[in-house]
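Protein chains in written order, with this note's numbering: chain Z, 229 to 311; chain U, 4 to 224.
Please keep in mind that the hints were generated in silico from the structure rather than gathered at the bench.
In silico lysine-lysine, BS3-like type, Cα no more than 27 Å apart, as pairs: (1) Z:302 - U:36; (2) U:73 - Z:264; (3) U:94 - U:145; (4) Z:271 - Z:231; (5) Z:303 - U:104; (6) Z:231 - Z:303; (7) U:36 - U:142; (8) U:73 - U:223; (9) U:223 - U:104; (10) U:23 - U:57; (11) Z:231 - Z:302; (12) U:57 - Z:264; (13) U:94 - Z:302; (14) U:23 - U:36; (15) U:145 - U:104; (16) U:142 - U:94; (17) U:142 - U:104; (18) U:104 - U:94; (19) U:23 - U:94; (20) Z:306 - U:94; (21) U:73 - U:94; (22) Z:302 - U:104; (23) U:94 - Z:303; (24) Z:303 - U:36; (25) U:36 - U:94; (26) Z:271 - U:73; (27) U:223 - Z:303; (28) Z:231 - Z:264; (29) U:57 - Z:271; (30) Z:306 - Z:231; (31) Z:302 - U:223; (32) Z:302 - Z:264.
Letter by letter, the chains look like this.
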Amino acid sequence: MHKVFVYALSTCPYCRAARAYLDENDVEYDVVEVDKLEGDEYKAAVEEVRRVSGGTAFPVIVIDDESVIVGFNKKRIKEELGL
Amino acid sequence: MSDATARRRFAPGTTIEDLKAYMGPFVDRLGYKFNTESSFVDDVLASELEILEKTGDVYCPCRVRTGDPKEDVRIICPCISFHRDEFAAIKKCWCGLFILKEVEDGSELFGVIEALSGDVEVPVFRVEDLPPGQVRHVKVGKNDIAVARVGDEFFALSNVCRHAFAPLADGFMDGYHVMCPWHGWRYDVRDGTTDHPDVDVRTYPVTVRDGEVFVTVRIKR
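Only chain Z is shown next, with the shape it has when bound in the complex (with noise of 0.2 Å):
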């Protein structure tokens, strides 16, 4: 089973599209909904975003500490998951 882990933000239609996909399909994924977060948990998240993808742009996917998927990709999604 491979590890996903979806930075997400509660005002992003893709990222709702992204996990909806995700559910679809029976993919466990553990999330955060950066822009819920406040303070300086809310600053570590956007580093760790921008850190991961190079951006600011969401979702963020990252799939077995490994690869990285900006936005609903599905096809990329669909090819790193083996969906």
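Based on the hints, put chain U in the right spot on chain Z.
Leaving out everything else, chain U in the frame of chain Z:
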């Protein structure tokens, strides 16, 4: 995150229709239109209204605010002006709220928000926005570009004079030449050449299509 200092540009009670009326004409001049998927447009604008309530402005729903005003201003919708080259490469803004006018089916562009690399035609303004015999500055990605019009021909060259780095778009046109506003150096807008050896400026391909002017730039990743 506190946004107590944000100045409010929108009246309380702003609606999705208000945002459409405000954004539509602006993006039209940049070569874009609202996505053809109207329910998606309403979904995104509803998110923006939520963000507006929290922050006082319509930040992009797919981008996080960093707290740095200079960086965050680049994600206030519509943010096309700040990301012309990236958006032209993916034919839409990040979230897909806006798509290039030439795209017929916006639903085909959903999802991907990673910018591509390579040569990309970037819409910069409409033909009627630059009268013949004039020159204007456009920022395309990291490139400062002067776009000049001679009759019905358009040309694009670096906006930076190689002598003392003056903005060429502040100069004036003389036939196919633009005169630097500071010290009068003359550049041929067709090929970027000057009378001085080895200090020509870079030029960019320009195309005109359906009343829009496009400049081709290379995106490197």
